[in-house]
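Please take these sequences and the hints and turn them into a complete structure.
Chain by chain, the residues:
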Amino acid sequence: MNTTVTAGTAGVSERQTATAPQPAREDTAVREGVTVGMPFADDPKFRLRNVEVFYGVDRAIKNISLDIARNEVIAFIGPSGCGKSTFLRCLNRMNDSIDICRVKGSLQLDDLDLYDPKRDVVELRARVGMVFQKPNPFPKSIYDNVAYGPRIHGLANRKSDLDDIVENSLRKAGLWNEVKDRLDAVATGMSGGQQQRLCIARAIAVSPEVVLMDEPCSALDPIATARVEELIAELSESYTIVIVTHSMQQAARVSHRTAYFHLGHLVEVNQTDKVFTAPEHSLTESYITGRFG
Amino acid sequence: MQTANLLPLVLVMTAVAYGLAYMRSRSVAEPLGGIRHLKSLPFYYAARAALWCSLPALAVLAAWVGFEGRVIQSLVVSSLPAHLAPDNAGEASLVLSQISNLSAGKLDAARVPAEIVGAAELLGQLRAQSQQFKSILVVLIAVLGATFAWTRVQPRINARENVERTLRWLFFSCAAVAILTTVGIVFSVIFETLRFFGRVPVTEFLFGSSWSPQTALRVDQVGSDGAFGMIPLFTGTLLISAIAMLVAVPTGLLSAVYLSEYASRPVRNVLKPMLEMLAGVPTVVYGFFAALTVAPFIRDLAEALGLQASSQSALAAGLVMGIMIIPFVSSLSDDVINAVPKSLRDGSLALGATQSETMQKVLFPAALPGIMGGILLAASRAIGETMIVVMAAGLAAHLTANPLNSVTTVTVQIVTLLTGDQEFDSAKTLAAFALGMMLFLVTLTFNMVALKIVRKYREQYE
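Chains as they are written, first to last, in my numbering: chain P, 1 to 293; chain R, 294 to 755.
Derived by calculation from the structure, the hints in this document are not laboratory data. C-beta: ideal position from N, C-alpha, C; glycine also. One or more of the hints may lead you astray.
[As the list claims (entries may be wrong)] In the EDC-like style, the derived pairs of lysine to aspartate or glutamate whose C-alpha atoms are separated by at most 20 Å in a straight line are:
| no. | chain 1 | residue 1 | chain 2 | residue 2 |
| --- | --- | --- | --- | --- |
| 1 | P | Lys140 | P | Glu178 |
| 2 | R | Lys635 | P | Glu215 |
| 3 | R | Lys749 | P | Asp144 |
| 4 | R | Lys654 | P | Asp144 |
| 5 | R | Lys635 | P | Asp96 |
| 6 | R | Lys635 | P | Glu178 |
| 7 | P | Lys140 | R | Asp639 |
| 8 | R | Lys654 | P | Asp184 |
[What the hints assert, rightly or not] Away from chain P, derived, C-beta distances all over 12 Å, residues of chain R:
| no. | residue |
| --- | --- |
| 9 | Leu304 |
| 10 | Trp357 |
| 11 | Glu361 |
| 12 | Arg363 |
| 13 | Pro448 |
| 14 | Gly501 |
| 15 | Leu598 |
| 16 | Lys635 |
| 17 | Leu644 |
| 18 | Thr647 |
| 19 | Asn695 |
| 20 | Val708 |
| 21 | Met741 |
What follows is the structure, given as structure tokens:
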């Protein structure tokens, strides 16, 4: 436990305790590099230490250390602009495409150093798949969308192998029964929810170890959202899943652990039910009770 | 009053009508409690008054100016006594020019018959009268129109709809100008083409393999009754255009890929305008570059390799033309590749595709319609280009597929047929129109086929 008390924030804390009795918790001040709760795990999938991300001179991620365990679903929450998406995009080096972005610190996937200058990002991204905020199927057929990854990585030697991969991925994404008769149809003609599940099928067709999801349901209606959330629960048996979300109910429903980001700091990481019932840090509490965000 | 003075007068009246109607609409609104009690804003009442004042008056003016000359002429001609009355069109124009010269004082009255002098006086009179009537009529109509609009400035009458409708027609007529021009061009070419086919059989023109348009001007002249086979010209055009496209499409496309996907921002900001500058170089400059630098170089190179090459060659013209049209391909392709949503690019990269795989499999198919548009534009530039070919490929019509030979193109032949002193009703000059027509048809079919292909294969995002 890290306690920080400064004159400026003590007043806020007093006012809060005065109005309603609260469980004992950390103060509103954030000390750089310090995260309350349980940010670390034994034998983690990702081992991230002292990560800093700069956009030009702007420091978007401030000295964050975190472990992501095997086969866990971890949710990143926090107000807009807190750096959760930026941090997520470090995990498969999607930040590379932004010219002014620099990443410092140690980021390891098993024994793989992500930011080794000699690292082959193609291999990394085959192991860490990603699903985006807005469904982004390619303007090709449903089949070609799912087969895209396996083809570029040479995962199938025969057409029948590829057919199997496509079918399996679509089954896992819960989409097979809806599209099995129209695999040649253009993917952009499907509904938003189907498109997003297709994007998930496309990501898992490469057999990744980790799936990163950047607000995967923010463009979907409640029914499609429920469908994708069910899917996340099923996928968590075989994949490690990192999900960024603006919906705290969603984080509560799908994740094992929840990480709260605030202005580039990682404030608190804890078991999801603990975060939503008894947050340790007052900032986390303010956020989940809707005082800001 | 002269038409030149009448126009500004109408404009001034329009402005006055606008101002008066504007003020009246405000004063009408005053007792009601402000302009919000009017059906339309004062601007619309004023604009309607301006339209009523100007449009009918201008239409009458235009009609008058259009028919005035012909009506006066026919009046003058019919006034002539029978023995002077012209029998045919040529004679009529002769008599008329005599009369109008006399009336303008360019001709001495003593040297022509008295009837002509009389006709000249009549012409002067009619012109003056016409002038007067025109002025009175136009001003009257303008005043009437403005008055009508003035009486219609009433709180219950909606002026906005009228103004909107008139503006819509105005915009439509502007859009129609482009289409009408094209139709006009096609028709003028069609008639001359038909006249040409009256002299030279269609089959000879379409399938003849020799082109030598020299026809004898006089009966005693030796040489040629001309050969009008278009095949050598079209093969020449196709050969040079094909060479140009072979240069421009790969270079242009690959530089577009480099600019949009690989180049850093500063590099791109310098390179792109420089590439686009290629399109701004005058074609004459390309022409002498091709004729004086590239063509001799190709000839020497071919000789060194033991090949026969003429000093003017299709290859030289094609290469330089290819350079010229690179920016048409690269600039447009670069724009459309950039317009492909970033989410598609990210989706592909996140699956572990490399930059070039993303390019080939996702960005390129999505950008295909735009890329084809750029290529088509470049191709039509190549087919229509004249100057470089005149200077570097020659004028001799050879039916050949050898790029080291000199060839000529359709456009070059049109230019040589129509420049200089020519009779405009010989088969030689009429052939130019037939060639133009064929060129038009070929590029049209070409464009339609390409559009079909693009529509079939494009991958549409969103």
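To see whether the hints hold, each was checked on the structure:
1. For the given pair, Lys140/P sits about 17 Å from Glu178/P by alpha-carbon distance, which is consistent with the 20 Å threshold.
2. Of the supplied pair hints, the one linking Lys635/R and Glu215/P holds, its CA atoms being roughly 17 Å apart against a limit of 20 Å.
3. A C-alpha spacing of about 17 Å is found between Lys749/R and Asp144/P, which places the hinted pair at or below 20 Å, so the restraint holds.
4. Proximity of Lys654/R to Asp144/P is assessed by CA-CA distance (about 11 Å); at most 20 Å being required, the pair is judged to hold.
5. A hinted pair counts as satisfied when its Cα atoms are at most 20 Å apart, and Lys635/R with Asp96/P qualifies at roughly 14 Å.
6. In summary, the hint linking Lys635/R to Glu178/P is not supported, as the alpha carbons are separated by about 28 Å, beyond the 20 Å threshold.
7. A hinted pair counts as satisfied when its Cα atoms are at most 20 Å apart, and Lys140/P with Asp639/R qualifies at roughly 16 Å.
8. Pair hint Lys654/R plus Asp184/P holds up; C-alpha atoms about 17 Å apart against a cutoff of 20 Å.
9. Non-interface status of Leu304/R relative to chain P is upheld: no Cβ of that chain comes within 12 Å, the nearest being about 54 Å off.
10. No beta-carbon of chain P comes within 12 Å of the beta-carbon of Trp357/R; the shortest separation is about 59 Å.
11. Once the 12 Å rule is applied to beta carbons, Glu361/R is consistent with being away from chain P; the minimum gap is 62 Å.
12. Distance check for Arg363/R against chain P: the nearest CB is about 61 Å away, which clears 12 Å, and the non-interface claim stands.
13. Under the 12 Å C-beta cut-off, the non-interface status given to Pro448/R relative to chain P holds; the minimum distance is some 50 Å.
14. For Gly501/R, the requirement that its beta carbon stay farther than 12 Å from each beta carbon of chain P is met, with the minimum near 48 Å.
15. The Cβ of Leu598/R sits about 43 Å from the closest Cβ of chain P, beyond the 12 Å cut-off, so the non-interface label holds.
16. Not every beta carbon of chain P lies more than 12 Å from that of Lys635/R, the smallest distance being close to 9 Å; the non-interface claim is violated.
17. Not every CB of chain P is more than 12 Å from the CB of Leu644/R (nearest about 4 Å), against its label as outside the interface.
18. With a least CB separation of 6 Å from chain P, Thr647/R falls inside the 12 Å interface cut-off, contrary to its annotation.
19. Distance check for Asn695/R against chain P: the nearest CB is about 43 Å away, which clears 12 Å, and the non-interface claim stands.
20. Against chain P, the non-interface label of Val708/R holds: every CB pair exceeds 12 Å, the least being about 45 Å.
21. The non-interface label for Met741/R is consistent with chain P: the shortest C-beta to C-beta separation is roughly 24 Å, beyond 12 Å.
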